[in-house]
Amino acid sequence: MATASAVFPRHVPATRARARRKPSLRKFPFENFILFGLALAFYIVIANFLVFRMHYMIDDAYARTDNAFDVLYTSDPHLGGIGFFWPPLPSFLQLPFLAFNGVWPALVGHGFAGSIEAAAFSAGTAVVINSGLRWAGVVRAMRWVFCLIWVVNPMTIIYAAQGMSEAMFVFFFTASILVFLRWSENRRTSLLPLLGVLAGGGCLCRNEAFAVAFLLGVGVTVQTVRNGGRWREVETELLLYALPAVFVTMLWIGSMAIIMHDPIYWLHANGIGSPSQAAASVPAAGPAIAHPIAPPDPNAGTNRLSAYGLIRFDTYREAATFILGHSLALFPAVVLFIGLVGARLLIKAKRVSGIVLLVLGASIPALDIFIIRGGLAPDIRYQIAIIPFTFLMAIYVLRSLGGRRGAILSTLTALGMVPALAVSTLLTAQTLSNPALAPQEAPLYAALVAGKNVPQATGQRNKIDIGAEVTPKILALDKDTGRILCDSTTCFPVILNAPNPKQFIVTSDEVFEGAAGQPQVYGVEYFLVPPPTGQAAYDRLNVLYPTLWKDGAGFSQLVGSVTGDPMGEWRLYRITGPTGRG
Amino acid sequence: MAVVKKEDHAVARLGELLVRRGAVDEAALSQGLARHRRDRIPLGEALILGGAARQDDVWNALATQWGCGVVDLDNHWVDPAIANELDAADAIARRVLPIRAREGVAVVAMANPRDPWARAYVEEALGMRVKPCLSTPAGLRRRQEQVYRQQLTQHSIGLLQARDPESSAHITLSLAQKRLLLVVGFLCLVAIVLAPGTFFLSLAGAVVTLYAAIVMFRIYVTVRGAKSVDLIEVPREDIEALTDLPVYTILCPLYREAGVLPQLIKACADLEYPKSKLDVKLLLEEDDLETLDVVFASALPPNFDVIVVPAEGPRTKPKACNYGLQFARGEYCVIYDAEDIPEPDQLKKALAVFRRSPADIGCVQAKLNYYNPRQNVVTKWFSLEYTAWFDFFLPGLVDLGLPVPLGGSSNHFRTQLLRDLGAWDPNNVTEDADLGMRLHRAGYRTALMESMTLEEANSDFVNWMRQRSRWGKGYFISWLVLMRHPRLLRRTVGGRALAAIQLTLGGTFVVALLNLLVWLLTLMWIMAQFNVIAFLFPNGIYYVGMIELVFGNFFFLYMGVWCASHRRSYDLTHAGALSPVYWLMASLAMLKASLQLVTKPTFWEKTVHGLYEHEPVGPAAVELVGAASTDAPGGD
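Taken in sequence, the protein lines are chains S and D.
Read in order, the letters of the first sequence correspond to residues -8 to 573 in the numbering used here.
Read in order, the letters of the second sequence correspond to residues 535 to 1170 in the numbering used here.
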């Protein structure tokens, strides 16, 4: 029998157990802060140079600043003033900057708020690319080489300095696809809301993003089904992804329905197949494209460019040739990387995410091919996504080579990719110097070569300069500082440069339509109207009163006119009688 | 006193004695010896806990071994005066009970007369020489419960109040708070008379600002928590590496819950922890005859200890827990509600976390969820809400280093620390949240571990209202208690934590209450567009309010889908879409809570359990659920 004794519990030194925290994906590496800071500083310096020294600013960027300005500073400050001509996010995010307009008027006067915003998003894209490469297992030095190539790409630089939607769209495009690739691999639930937010963000800054968002949803569905998910799971995962995007889109559409009385106003206003713009585009056979900064040729009957600055093709084949030509000219390495992805798809699994990636990349050119049949401005910037798409393909290939476990292999492969990306970047520069391919960007190149600023080099001034010049003259005509009504889609350079913007009633004001019909009721004394040619033919006053610019339409008296080329002769009319639209 | 036989005395080996007397057989003894070596517990206890021997037989054998007799305390007079010279909790922990004293000698009943520490303690406390006599632990405990009843009750009711009255909710409002309330009320009246427009406009601005702060805080914390980086995971191999398990006390308060007793026994039996080291305390209320009958009629495992809590003072769960804590033998302790089904390895996980973590970890909280999410729409909503709370919001608070309102069960403590902190506030109806705040104030952190306890979701609307209104009331009372000295609190916990306390405790209650008013105003505006509403919401206030309305509501609705996906409970997704109905229910509960706050602030509205008629499944098997809004304090 075993022996026993009554020993009561006693303390025994512990064998310490290990407990560990979940591996963290949260840590935002310090290098990302450094990268963001450096890229942002670089882009701000470049923006400063382009905007203030080169006087290079695409007019649409200026108009976006005006939309934000209308929210805060017009006679009727309200959020609806953000405007619905374009997706609203680029303007919306400028609002915090515009609050400092009093401190630094150039934020509005030169649209520099938009430049800062674009610089931040471009720097953010660099961080996204760095994160993707880190995920792919590429060593830091090689990551920074990739990021450098990205940051110095001329197309990236130009649109990091312009308050357009490009930088923002590229950020959302790149980040959403990268998150999709990560989700496809690890299926972390928390990535789907992030994916949805990014896709929704893209939809709020560019129309093409709707296609991307839709295809991402298809990708989520396919991945879930392939993973054995049943209908309820597919439904939940799809909702988790899609709700943020649908929510913000519905919010935007709802706002348009309430404010503009047209839920798809931006489609009608901005020209994706809109009747007005389709009508304004002119089909033709010739390949020549006029300089869009120059005034559109109203008699352009022999080329594809309309008086409205749009282009239209008769067949999809022609449209495809045009769009793909732009894409390849912008970043030729895309072909090589499509080949690499294709090769990986043939060799290894993870096919679904690779196929979805290729489809996503193809979606934007495909959409543009579809749209351009109806009429589209022939701007190469519409194909800017081809550059981050190439980087995303590189990340996909590198990740599929082993990720963190195959750091050497992925880094060596990355090394092999560098020449292709670098050479493509040089070719981007060459393409942007070609006015036939890059009509909006080539003047900058020409100006740099000539050692002048853009207006001097091209003889064409941008609306910033024009606004600064004509506004004092127009206001000088308004001797009693009476209220002026004008359509801000055309007169925004005047409003932005006016010392007292509350003097104007603009399109986004709730009373605009009423005041345009019964100016006396709303205390409006003047109508400011541009000549009814080109885009200004769609100025609201010109639409309501087709003979207003010419003869005052019988209810007003010409006070004076101010000419500011290329915007033509602006006329200020004093209201003298009923308009007949009561 | 038992007669000691000479031949037994000569053998003096417990196992042989017991076998010779027929108290155990050889096989059982072998098993007992194995357990004795494995768990490093006395052989006698190993045999008792293994069900191989009765306590009386073992202690009789020990008496023989030690050459003394066993005192039958049930039939022995005890001098309460001398007994109460000892601290009840200490006497219970050391298993001693002074019986009488005479001429500098105290006769003391002891479960182990050879325990020098216990003997030294009594001698020092009484200032007398000790004459020990042997008593069975069970007999000793029963008698201690009787003799120390008054002291134990006083202690469980008044410990916190005595140690730190400013942290106790024995009064709802301090004098200073009452004065402040009067002054603010008076100023509001004056403002309403003199400048009603400005007053109501300011009020609207304040409400919108409060909403904005709470919505942003909730979203931020939830998104931080979504990454779950601060959920401590304990791998299986780490659990298996634990070799020196201390005694672990489980406190199980039961009140009118006889029906769930079998489930509780099973859940405790399923715990992967040596039974010899598991000290389960069933805390029953003296007047709950139904449960008492069932419990005493049941064949409870040997490591279950039934403690009857006197029906005196506040009739709350924290008072019962405080009472039971004084009997706790464990180095660590945890609370489980009667219907809880913890993951079997939860105690070991908690232990591993405590051992791994720095000493400032005061509590390890396991995640809570429900085993009956699909019972009806209320349980679906509740399950989604709990997922949002325990899987997103609390991890976010931990991640940010903010005070964590503890869940009502499955919170693990170092027993001594809990005692040092004054244990639970018996006057607070959300004692769990209050304790979380006091832990933070005392400089301790709460860790969240990746382990699940399943509870029964409230499936009955009225029952749910009772529970939710109690939570709301308790949260607000906890906030009032903390805000007695806001400047001191800020100095103690810092500005961030102070802000978090406003938004988590006070804000949750106030916003849920205000929801009713805001929804009413929105409805009135949609239907009739009253001018007064337009006046209250000029552009600035309107935009902020609109953003809150649209984005806040969307976010909390979206959380329902997120939680359903997070827990892979895809069939709850649709319920998440109907969450606004649940929010309305929560607001009505807060309305009820606000009334009770005035009429009966410490009244504990009992949540009825056992409404789920099917066999619940444990965390390992259940397909867990997930959440909607995030205002669940948690626990019962």
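FYI, nobody ran anything at the bench for these hints, they're computed from the structure.
Check before you lean on any hint, since a few could be wrong.
[Stated by the list, open to error] If you anchor each label on the Cβ, the simulated ranges turn out as follows:
| no. | chain 1 | residue 1 | chain 2 | residue 2 | range |
| --- | --- | --- | --- | --- | --- |
| 1 | D | Gly719 | S | Arg221 | 43 to 51 Å |
| 2 | S | Thr472 | D | Met750 | 37 to 45 Å |
| 3 | S | His252 | D | Pro730 | 35 to 43 Å |
| 4 | D | Leu735 | S | His252 | 29 to 37 Å |
| 5 | D | Val1066 | S | Thr472 | 32 to 40 Å |
| 6 | D | Glu771 | S | Ala334 | 49 to 57 Å |
| 7 | S | Pro463 | D | Ala1062 | 47 to 55 Å |
| 8 | D | Phe734 | S | Gly508 | 33 to 41 Å |
| 9 | S | Arg179 | D | Pro730 | 47 to 55 Å |
| 10 | D | Asp1105 | S | Tyr513 | 54 to 62 Å |
The C-beta atom is built at its ideal place from N, Cα and C for all residues, glycine as well.
Here is how each hint holds up against the structure:
no. : hint                             : in the structure
1   : Gly719/D x Arg221/S: 43 to 51 Å  : 58 Å, violated
2   : Thr472/S x Met750/D: 37 to 45 Å  : 42 Å, holds
3   : His252/S x Pro730/D: 35 to 43 Å  : 37 Å, holds
4   : Leu735/D x His252/S: 29 to 37 Å  : 31 Å, holds
5   : Val1066/D x Thr472/S: 32 to 40 Å : 36 Å, holds
6   : Glu771/D x Ala334/S: 49 to 57 Å  : 41 Å, violated
7   : Pro463/S x Ala1062/D: 47 to 55 Å : 48 Å, holds
8   : Phe734/D x Gly508/S: 33 to 41 Å  : 37 Å, holds
9   : Arg179/S x Pro730/D: 47 to 55 Å  : 53 Å, holds
10  : Asp1105/D x Tyr513/S: 54 to 62 Å : 57 Å, holds
Figure legend: structure checked against the earlier numbered hints; hints not met, in rising order: 1 and 6.
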